[in-house]
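As you go down the protein sequences, you meet chains G and Y in turn. Take 1143 as the starting number for the first sequence in this note's numbering and just add one per residue. Take 1143 as the starting number for the second sequence in this note's numbering and just add one per residue.
Just so you know, these hints were derived from the structure itself, not from any lab. Warning: the hint list may mix true and false statements.
Since the list gives no way to pick one copy over another, a pair counts as held whenever it fits inside one copy or between any two copies.
Claimed, not checked - As a list, the in silico BS3-like pairs of lysine-lysine whose alpha-carbon atoms are at most 30 Å apart:
{"id": "1", "residue 1": "K1348", "residue 2": "K1211"}
{"id": "2", "residue 1": "K1341", "residue 2": "K1196"}
{"id": "3", "residue 1": "K1349", "residue 2": "K1364"}
{"id": "4", "residue 1": "K1348", "residue 2": "K1196"}
{"id": "5", "residue 1": "K1348", "residue 2": "K1364"}
{"id": "6", "residue 1": "K1344", "residue 2": "K1211"}
{"id": "7", "residue 1": "K1272", "residue 2": "K1364"}
Given next are the chains, with one letter for each unit.
2 protein chains.
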Amino acid sequence: MTYQLHYWPSIQGRGEFIRLALEAAGAQYVDVARGSKNEGHGVPALMALLHNPKIAHPPFAPPVLVHGKHVIAQTAAILLHLGPLLKLVGKNESDRLWAHQIQLTIADVVNEAHNTHHPVGTSLYYENQKPEALRAAQQFCATRIPKYLAWFETVLERNPRNATSPHPGTGPHLLGARLSYVDLSLFQLVEGLQYAFPKTLKRALKKVPLVAALHAAVARHKRVAAYLSSERRIAFNENGIFRHYSELEG
Amino acid sequence: MTYQLHYWPSIQGRGEFIRLALEAAGAQYVDVARGSKNEGHGVPALMALLHNPKIAHPPFAPPVLVHGKHVIAQTAAILLHLGPLLKLVGKNESDRLWAHQIQLTIADVVNEAHNTHHPVGTSLYYENQKPEALRAAQQFCATRIPKYLAWFETVLERNPRNATSPHPGTGPHLLGARLSYVDLSLFQLVEGLQYAFPKTLKRALKKVPLVAALHAAVARHKRVAAYLSSERRIAFNENGIFRHYSELEG
Chain G
1143 MTYQLHYWPS
1153 IQGRGEFIRL
1163 ALEAAGAQYV
1173 DVARGSKNEG
1183 HGVPALMALL
1193 HNPKIAHPPF
1203 APPVLVHGKH
1213 VIAQTAAILL
1223 HLGPLLKLVG
1233 KNESDRLWAH
1243 QIQLTIADVV
1253 NEAHNTHHPV
1263 GTSLYYENQK
1273 PEALRAAQQF
1283 CATRIPKYLA
1293 WFETVLERNP
1303 RNATSPHPGT
1313 GPHLLGARLS
1323 YVDLSLFQLV
1333 EGLQYAFPKT
1343 LKRALKKVPL
1353 VAALHAAVAR
1363 HKRVAAYLSS
1373 ERRIAFNENG
1383 IFRHYSELEG
Chain Y
1143 MTYQLHYWPS
1153 IQGRGEFIRL
1163 ALEAAGAQYV
1173 DVARGSKNEG
1183 HGVPALMALL
1193 HNPKIAHPPF
1203 APPVLVHGKH
1213 VIAQTAAILL
1223 HLGPLLKLVG
1233 KNESDRLWAH
1243 QIQLTIADVV
1253 NEAHNTHHPV
1263 GTSLYYENQK
1273 PEALRAAQQF
1283 CATRIPKYLA
1293 WFETVLERNP
1303 RNATSPHPGT
1313 GPHLLGARLS
1323 YVDLSLFQLV
1333 EGLQYAFPKT
1343 LKRALKKVPL
1353 VAALHAAVAR
1363 HKRVAAYLSS
1373 ERRIAFNENG
1383 IFRHYSELEG
């Protein structure tokens, strides 16, 4: 069954965590809002879903995955559902919960990264909150990025499969001995932080060699590499979550 | 099996969403950091858990639930695990996912509420970010609280069981015809927002009668009411997530 992803068509944003999972698994999916209006897709289809009064489980915001009778919003909830279906996490409850816990922590970093350019609120433009953004970005780079990256490094260190089965070329992994959706999400997080705060990441990644190795290994994954060099991968830009404003990084 | 909740002992914070679920279900649990050092509890026990190098799945931050061999952090992940065990959500995947999606949206509001007093960063005191906090709180009260409450109202409107089985005294419910952990969490969210921004909530709740009815009904639930009037319920204070600073509400 084809998956339908509903997300804004011109940014990576939170939808990119879903796109990466679908692409890495080689799943059939439609990126609805990027499709043709002639086929009933495009932004009008996304808006129609968001405002459909008949949906029993209304989404608060994109991304939304439509899969058969399921209409699922919230990035981490979508990946909780997709993970086992795409074979990007084990089916047992313990693995699913641990992957989900890591994903929710990635979501926390994503929220804080967004806060660096919108500390006052999402209903105002960045240009209307620049002094606040400067302070928020300085705090995020100085204290939060190092703290979060250190935690991911600890998770990688404590995964016994990284020590016993180094899997050159595909590892290390946050969970078990195979690629999981949280590896893909951590890759994307590092990509985004590198784009937004290149100087900070250059320094910070030196202290977390396993995170850096995971980032490099995911970029080499055959389907991921094909996706990243395709037109399906939207370039980072200043409408998304990870934004590069040089004035925010001293 | 007794549940162990590890959370800061002097605030409601994110731990309160877990406490409410355990209390409403009448579950046996230990609120570890509030316990006696003589019994191996208290804050040292919480710190020992957070810094235990042998934990395979290290928590990033409290709350943490220890349940048998499970060590689970992230509020929404804990409730995902606890919900079916406490009979506070159905066991089928569709119900669990929908409840979880609602919980993640509640978590988003909680993060934004925290941001109103810490828009620059969590490593600085409120007193060091008061001008930024004032702008953030104004935006939150003017645009975000109404938007989120309207979404919860829509969810309550679209639950067919609220129309056909009004359940006076226990309903309405976000999900199905019985109390679920998301009802408890929405109750707590409204409690917190009322504490932090009483004037805004007074106005806002008039526009969302089902949310107001749910809030009142949960407060009347026998075990919840007993908990709220007990010493186990910590009072709101200015170290938690929901803080009342009168200068932030115009």
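We went through each hint and held it up to the structure:
no.	hint	result
1	K1348 x K1211	neither (46 Å within a copy, 34 Å between copies)
2	K1341 x K1196	neither (48 Å within a copy, 33 Å between copies)
3	K1349 x K1364	within (27 Å within a copy, 52 Å between copies)
4	K1348 x K1196	between (51 Å within a copy, 25 Å between copies)
5	K1348 x K1364	within (26 Å within a copy, 55 Å between copies)
6	K1344 x K1211	neither (44 Å within a copy, 38 Å between copies)
7	K1272 x K1364	neither (40 Å within a copy, 49 Å between copies)
Comparing the model with each numbered hint stated earlier shows that hints 1, 2, 6 and 7 do not hold.
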